Amino acid sequence: MEQKTKIHAEDGKQDLFITREFDLPVELLFKAHAEPDILEQWMSNPYATAKALKFEGKKHGSYQLESTDAQGKVVFRSNGVIHEFNLNKKITRTFELENAPFGVQLEVYEFEPLTDNTSKLNMHVIYETAALRDQVLKLPFAQGLNMAHNRLQEVLLALK
Amino acid sequence: MNLRRDVFQAIADPTRRAILLLVASQAMTAGAIASNFDTARPTVSKHLQILTECDLLEQKQNGREIYYHINAKQMKEVAEFIEPFRKMWDERFNKLETIMKQYKQKNK
Numbered sequence: 514m515e516q517k518t519k520i521h522a523e524d525g526k527q528d529l530f531i532t533r534e535f536d537l538p539v540e541l542l543f544k545a546h547a548e549p550d551i552l553e554q555w556m557s558n559p560y561a562t563a564k565a566l567k568f569e570g571k572k573h574g575s576y577q578l579e580s581t582d583a584q585g586k587v588v589f590r591s592n593g594v595i596h597e598f599n600l601n602k603k604i605t606r607t608f609e610l611e612n613a614p615f616g617v618q619l620e621v622y623e624f625e626p627l628t629d630n631t632s633k634l635n636m637h638v639i640y641e642t643a644a645l646r647d648q649v650l651k652l653p654f655a656q657g658l659n660m661a662h663n664r665l666q667e668v669l670l671a672l673k
Numbered sequence: 021m022n023l024r025r026d027v028f029q030a031i032a033d034p035t036r037r038a039i040l041l042l043v044a045s046q047a048m049t050a051g052a053i054a055s056n057f058d059t060a061r062p063t064v065s066k067h068l069q070i071l072t073e074c075d076l077l078e079q080k081q082n083g084r085e086i087y088y089h090i091n092a093k094q095m096k097e098v099a100e101f102i103e104p105f106r107k108m109w110d111e112r113f114n115k116l117e118t119i120m121k122q123y124k125q126k127n128k
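Chains as they are written, first to last, in the working numbering: chain A, 514 to 673; chain B, 21 to 128.
By construction, these hints were calculated from the structure, which means they are not laboratory data. All figures in this text were calculated on a predicted structure; none of them were measured in a lab. Don't take each hint at face value.
Under the rule of at most 16 Å between Cα atoms (straight-line distance), these lysine to aspartate or glutamate pairs were calculated in the EDC-like manner [to be verified]: (1) B/Lys107 <-> A/Glu534; (2) B/Lys121 <-> A/Asp524; (3) B/Lys121 <-> A/Glu534.
Stretch by stretch, here's where chain A covers chain B in the computed footprint (C-beta under 8 Å, at least three residues) [as the list claims (entries may be wrong)]: (4) 59 to 72; (5) 77 to 83; (6) 114 to 128.
All C-beta atoms, glycine included, are put in the ideal place defined by N, C-alpha and C.
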């Protein structure tokens, strides 16, 4: 099966591209990125609940997100400012993981209508340096292990 | 290797996960690592020992100091480590799509 989400990251570059086609009209794809209560839902997973502590979907607005684990412990917080908020077309924002040595990244989201009921998201993420980009890419390595561990724990608990 | 010292045990602890994330960005001495945590120094040393025993960290002598590195063998090249990153986004986007389809149904 063809992979729906594609990542293009060239060796030694400080940016990457994420693209994905959705079986959704562009208005709904945009809405999912523009409304905090919807953003919270799809940013959450069985192991971490996302919450928007602040979210101003407008030019010069800012946001702060928090993820907590099943015990309510804060896993991480992130924040950024919104530089451009162009309805159903484009969002340009910064993103920073708090208390982490990964710097600030610039994120450009372009929302592209394909048909009345399908659309495409083009994300361009620019990191401070190529080394920082690679470090951030390695992060899910630890998260992946974490999730694998949690799954294992669930399976073991179910066996009890 | 002690069987109990497996990767799952190593990452079961939030402090050890935090240490891995910290050392992923740069090699550090035990003292520098400990300075990032409120935990007592011997506790951090114990965590470092466990992470080293299960090959997630390795020690390298640099003059009088011992630096902890993320084990290069565990760290993959861009092409390989990009896959978990891609998967994470793919799962998020699948969820987004499901949620918005439900939203569309409700708001018809």
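Quiz item: If you look at each residue in the segment 59 to 72 of chain B, do at least three have a Cβ nearer than 8 Å to any Cβ of chain A?
Solution: violated (count 0)
Exercise. Given the hint that B/Lys107 pairs with A/Glu534, test it: the Cα-Cα distance must not exceed 16 Å.
Key: 15 Å, holds
Quiz item: For the segment 114 to 128 of chain B, do at least 3 residues have a Cβ located nearer than 8 Å to some Cβ of chain A?
Solution: holds (count 9)
Quiz item: How about the segment 77 to 83 of chain B: do at least three of its residues have a C-beta closer than 8 Å to a C-beta of chain A?
Solution: violated (count 0)
Quiz item: Is the hinted pair B/Lys121 and A/Asp524 satisfied, with a Cα-Cα distance of at most 16 Å?
Solution: 36 Å, violated
Practice problem: Verify the proposed pairing of B/Lys121 with A/Glu534, using a straight-line Cα cut of 16 Å. | Solution: 14 Å, holds
Consistency with the previously given hints fails for numbers 2, 4, 5, ordered from lowest to highest.
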